[in-house]
Amino acid sequence: MITKKVNNVQEAIKGIEGGMTIMFGGFGLCGIPENTIAALVNTPISDLTCISNNAGVDDFGLGLLLQKKQIKKMISSYVGENAEFERQMLSGELEVELTPQGTLAERCRAAQAGIPAFFTPAGYGTEVAEGKEVREFNGKMHIMEEAFKADFAIVKAWKGDEAGNLIFKGTARNFNACMAGAAKITIAEVEELVPVGTLDPNQIHIPGIMVQRIFQGEKFEKRIEQRTVRQRN
Amino acid sequence: MLTKEDIAKRIAKEVKDRYFVNLGIGIPTLVANYVREDIAVEFQSENGVLGMGPFPFAGEEDADIINAGKQTITTLPGASFFDSAFSFGMIRSQKVDLTILGAMEVSENGDIANWKIPGKMVKGMGGAMDLVASAENIIVAMMHVNKAGESKILKKCTLPLTGVGCVKKVVTELAVLEVTKNGFKLLERAPGVSVEHIIASTEAELIIEGDIPEMDI
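Protein chains in written order, with the numbering used here: chain E, 22 to 254; chain U, -11 to 205.
Since the hints were made in silico from the structure, they are not lab data. For clarity, every value in this text was computed on a predicted model and none was experimentally measured. There could be a bad hint or two in this list.
[Said to hold, decoys possible] Okay, the calculated bits of chain U under chain E, using three or more residues with CB under 8 Å as the criterion:
#: 1; region: 48 to 54
#: 2; region: 65 to 73
[To be verified] Restricting the straight-line Cα-Cα distance to at most 30 Å, the calculated cross-link-like pairs of lysine-lysine (DSSO-like) are:
#: 3; chain 1: E; residue 1: 90; chain 2: U; residue 2: 104
#: 4; chain 1: E; residue 1: 161; chain 2: U; residue 2: -3
#: 5; chain 1: U; residue 1: 108; chain 2: E; residue 2: 240
#: 6; chain 1: E; residue 1: 94; chain 2: U; residue 2: 173
#: 7; chain 1: U; residue 1: 111; chain 2: E; residue 2: 93
#: 8; chain 1: U; residue 1: 173; chain 2: E; residue 2: 153
#: 9; chain 1: E; residue 1: 205; chain 2: E; residue 2: 161
#: 10; chain 1: E; residue 1: 153; chain 2: U; residue 2: 104
#: 11; chain 1: U; residue 1: 135; chain 2: E; residue 2: 161
#: 12; chain 1: E; residue 1: 243; chain 2: U; residue 2: 111
#: 13; chain 1: U; residue 1: 83; chain 2: U; residue 2: 108
#: 14; chain 1: E; residue 1: 190; chain 2: U; residue 2: 108
#: 15; chain 1: U; residue 1: 156; chain 2: E; residue 2: 153
#: 16; chain 1: U; residue 1: 108; chain 2: E; residue 2: 153
#: 17; chain 1: U; residue 1: 108; chain 2: U; residue 2: 1
#: 18; chain 1: E; residue 1: 93; chain 2: U; residue 2: 144
#: 19; chain 1: U; residue 1: 1; chain 2: E; residue 2: 93
#: 20; chain 1: U; residue 1: 83; chain 2: E; residue 2: 190
#: 21; chain 1: U; residue 1: 143; chain 2: E; residue 2: 153
#: 22; chain 1: U; residue 1: 173; chain 2: U; residue 2: 157
#: 23; chain 1: E; residue 1: 170; chain 2: U; residue 2: 1
#: 24; chain 1: U; residue 1: 111; chain 2: E; residue 2: 153
#: 25; chain 1: U; residue 1: -8; chain 2: E; residue 2: 161
#: 26; chain 1: U; residue 1: 108; chain 2: E; residue 2: 90
[Stated by the list, open to error] What the simulated footprint calls covered on chain U by chain E, stretch by stretch (three residues with Cβ under 8 Å from a Cβ of chain E suffice, anywhere in the stretch; the number is not a length):
#: 27; region: 29 to 38
#: 28; region: 76 to 82
#: 29; region: 138 to 152
#: 30; region: 190 to 197
Note that beta-carbon positions come from the ideal geometry of N, C-alpha and C, so glycine has one too.
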């Protein structure tokens, strides 16, 4: 067994430098690598290009890195819940590339799968298509999108083992499963790091080969963005 | 004139037995409350769940189980979870039968704009561009006019587009419109709303054939 275990988040983020491109898993605040984000907030690292479906909220998730102006550019599909983000974007301090969500996911998956580019109909005829190659397949127009090139992918899983095998829970799988292995180095923070041999190989969502560093997060707040409930009759 | 709940009720009639349905944020989310109980329907949310159930009871929320609106949800027996790339795979390969989403503007050739107001609001397109580019059956839930009373049912959209030539049907507080190759066809009017009122509230030309029935809601 090739071990991927690192002792703590500080060891996990070794080598992350200013100016790098980093993928962050999660959808909204669901399944975000909150321990790694918190550790990055405590470093002077800045000028980051972040690939993440969303930008967190003002006081949690990537919103924390935005508050400290550590992010130079965001590549996202939806950024609606973050006032500081909107301010920095409208003032021109923050560069933003908005990309359709399925395209964002597929650009991660393509990187993970070693595919340099692909064609998708999403965005054809819109400003997203500007400057991109257009081709017709089966009577339908498509645009070419390229795989991401990232230095680090930071993902969060429910359970993992020292071999780097990952299992996600619920909808926290989202972009985490597409980003694992999609960058030069993948860091996985897990809620529970279990001994090798305890995870059933049939149930592994991401095999350990896609992960270079794994650690158990110290604490998970797992904040809920829109707590929505129904009344009991 | 219809309330938002009424619009959702009317759209729920478009949901047929054995349909997989993707609901957008806002009025579309309400559609789930009005789908007939005697048909089998599964709701897909693009963040990675099929077989969505109602909101959880207080105290039973799970931060790991949300919909694309980031709301806490539950799952029904037979549900499944998957990653984002897989989720849009099933959307692109047209496994989802019906997509219901909101819009700021719709034009008579079926173009839709719902993600950006230049200089004012830029929240992003989320999954809307992928959905409208691939779905075969797209119904838009929207208000016919804006707060200033101006029509949002147009000859040509003025806002940046989300997708081109994709909308099939529009349900507003005033009317049900079908997008045909010749433009918008008025199918139904809201209870108590006259055809003249709808024409006056619509910038695009309307195709009107015979008596226009009131919606049954």
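For each hint, the structure was consulted:
| no. | hint | result |
| --- | --- | --- |
| 1 | 48 to 54 | holds (count 7) |
| 2 | 65 to 73 | holds (count 5) |
| 3 | E/90 with U/104 | holds, 24 Å |
| 4 | E/161 with U/-3 | violated, 33 Å |
| 5 | U/108 with E/240 | violated, 38 Å |
| 6 | E/94 with U/173 | violated, 45 Å |
| 7 | U/111 with E/93 | holds, 18 Å |
| 8 | U/173 with E/153 | violated, 35 Å |
| 9 | E/205 with E/161 | violated, 35 Å |
| 10 | E/153 with U/104 | holds, 20 Å |
| 11 | U/135 with E/161 | violated, 37 Å |
| 12 | E/243 with U/111 | holds, 23 Å |
| 13 | U/83 with U/108 | violated, 35 Å |
| 14 | E/190 with U/108 | violated, 37 Å |
| 15 | U/156 with E/153 | holds, 27 Å |
| 16 | U/108 with E/153 | holds, 26 Å |
| 17 | U/108 with U/1 | violated, 35 Å |
| 18 | E/93 with U/144 | violated, 36 Å |
| 19 | U/1 with E/93 | violated, 47 Å |
| 20 | U/83 with E/190 | holds, 24 Å |
| 21 | U/143 with E/153 | holds, 27 Å |
| 22 | U/173 with U/157 | holds, 9 Å |
| 23 | E/170 with U/1 | violated, 46 Å |
| 24 | U/111 with E/153 | holds, 22 Å |
| 25 | U/-8 with E/161 | violated, 34 Å |
| 26 | U/108 with E/90 | holds, 22 Å |
| 27 | 29 to 38 | holds (count 5) |
| 28 | 76 to 82 | holds (count 3) |
| 29 | 138 to 152 | holds (count 5) |
| 30 | 190 to 197 | violated (count 0) |
Consistency with the previously given hints fails for numbers 4, 5, 6, 8, 9, 11, 13, 14, 17, 18, 19, 23, 25 and 30, ordered from lowest to highest.
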